[in-house]
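Using the sequences plus the hints, can you model the full thing?
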Amino acid sequence: MLNVGRIEEGFVLDHIKAGEGMLLYHDLKLNKLDCCVAIIKNARSNKMGKKDILKVECPIDLLDLDILGFIDHNITVNVIKDGEIVDKPKLVLPKKIVNVIRCRNPRCITSIEQELTQVFYLTDEEQEVYRCKYCEEKYGEK
Amino acid sequence: MRHLMSPLDFSVEELEELMNLAEDIRNNPGKYAHACEGKILATCFYEPSTRTRLSFESAMLRLGGQILGFASADSSSAAKGESVSDTIRVISGYADICAMRHPKEGAPMVAAARSGIPVINAGDGGHQHPTQTLTDLLTIHSLKGHLDNLTIGLCGDLKFGRTVHSLIKALVRYPNVKFIFISPQELTLPGYIRDDVLQKNNISFTEVRHLEEVMPELDLLYMTRVQRERFFNEEDYVRLKDFYILDKAKMKLAREDMLVLHPLPRVNEISVEVDDDPRAVYFKQAKYGVYIRMALIVTLLAMKEKEESSC
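These protein sequence lines map, in sequence, to chains A and B.
Okay, so the first sequence: first residue is 1 according to this note's numbering, each after it adds one.
Okay, so the second sequence: first residue is 1 according to this note's numbering, each after it adds one.
Treat the hints with care, since some could be wrong.
Claimed, not checked - Residues from chain B that keep clear of chain A, each with C-beta distances beyond 10 Å, as calculated: (1) 102; (2) 206; (3) 278.
As the list claims (entries may be wrong) - Partial list, derived from the structure: chain B residues whose beta carbon lies under 8 Å from chain A: (4) 35; (5) 37; (6) 104; (7) 107; (8) 125; (9) 127.
None of these hints come from the bench; they were simulated from the model.
Even for Gly, the Cβ is constructed at its ideal location relative to N, Cα and C.
Following this line, the structure appears as structure tokens:
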């Protein structure tokens with residue numbers, strides 16, 4: 001296993017599906033943060049066979065658990081403070097997500113008024129269905 | 001502030017009050033002839049819809065109020081690129097209540113969020129058309145006397161017909177309502193209505209292909225038009241448009257107290273020979289549309305005034 005140095009403050013995202021670490025890096029907008037980020041791809045995992053891991057050294061209030069919960073609520077989140085794990089918050093599907101995904105319905109008002117906030121509500125937790133606040137169209141990829 | 005975006009915005013109790021008011025307006029029009037004197041309704045129609053717009057305008061005029069507005073996006077500032085949010089903020093200074101139709105789904109909701117006056121969704125694309133649903137409910141309520149314990153046949157385009165979807169969602173809130181869906185294979189109900197609305201609420205329903213076989217069972221028959229604009233292929237439209245035609249022979253199979261409703265405009269899915277049958281109530285239904293809109297305008301304006309006086 002490749003070793004990456006410990007971090008003082010930040011978070012470690014473990015059990016990311018292999019190959020999705022980079023996607024998560026962009027979805028969490030980590031490319032916009034001026035901090036140290038390690039992306040470990042295809043690490044060995046007893047549970048998953050292969051997995052990705054993200055280590056991010058940054059103030060812990062920068063982590064948006066809602067986005068993470070929406071992307072994959074099976075990811076393990078370790079919150080690090082003073083070099084120790086201080087919290088392992090359980091991810092849940094957020095009831096509402098704002099400006100994370102865009103409505104693809106060409107008949108939706110958001111298709112012509114681009115400045116509108118993109119809001120989706122969780123309408124079926126079991127089937128993981130999110131619907132656009134405005135047109136109620138189902139978000140295609142969940 | 002209360003707006004009307006979807007027919008489900010009102011609880012069953014609120015709907016009952018609204019329908020009672022509409023019936024009182026129908027029976028005592030003189031009592032309400034000045035109910036909205038000094039008030040202005042703005043009809044902001046970003047796409048043409050003569051019937052709905054005239055129904056709203058008639059409703060406000062019958063209440064003693066006045067109207068202003070536009071009948072297409074070309075004659076509004078939308079043509080100059082103004083957003084719905086900006087338009088409604090301006091309109092809020094000109095009128096007391098607004099009925100908005102827009103081709104884009106969710107546009108009236110965007111307006112309501114920024115509006116200083118109540119906004120009524122008068123149709124947003126293929127999404128919602130709540131005042132049509134309220135019209136349908138009032139027609140059934142007035143002519144049947146109840147909205148529960150009914151067997152309702154819905155016939156025609158059940159796939160694309162938003163009036164049908166809205167009506168189903170509104171009626172599942174009443175006990176012992178059964179549905180019979182009559183449509184060609186290509187125009188059956190979408191899966192989400194079957195799963196999320198009917199099965200989730202344990203509503204009894206059957207799907208059949210032929211109108212004749214179910215006519216004797218029905219308390220209500222809701223006919224719909226097969227809409228040309230929903231088809232990409234003219235051939236499919238031509239093949240399906242005359243799939244069901246309600247005529248005198250089929251009406252003979254129905255019960256004496258069965259009612260035929262249709263959101264109109266009708267093309268040829270109901271033969272004109274049925275028009276004189278007392279069970280054909282679709283023109284009456286259009287008239288009820290004015291009463292329910294009158295009741296809605298009075299109710300929303302009263303709610304707004306109550307809010308303002310308590311501030």
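Each hint, compared with the structure:
| no. | hint | result |
| --- | --- | --- |
| 1 | 102 | violated (7 Å) |
| 2 | 206 | holds (25 Å) |
| 3 | 278 | holds (39 Å) |
| 4 | 35 | violated (33 Å) |
| 5 | 37 | violated (34 Å) |
| 6 | 104 | holds (4 Å) |
| 7 | 107 | holds (4 Å) |
| 8 | 125 | holds (5 Å) |
| 9 | 127 | holds (6 Å) |
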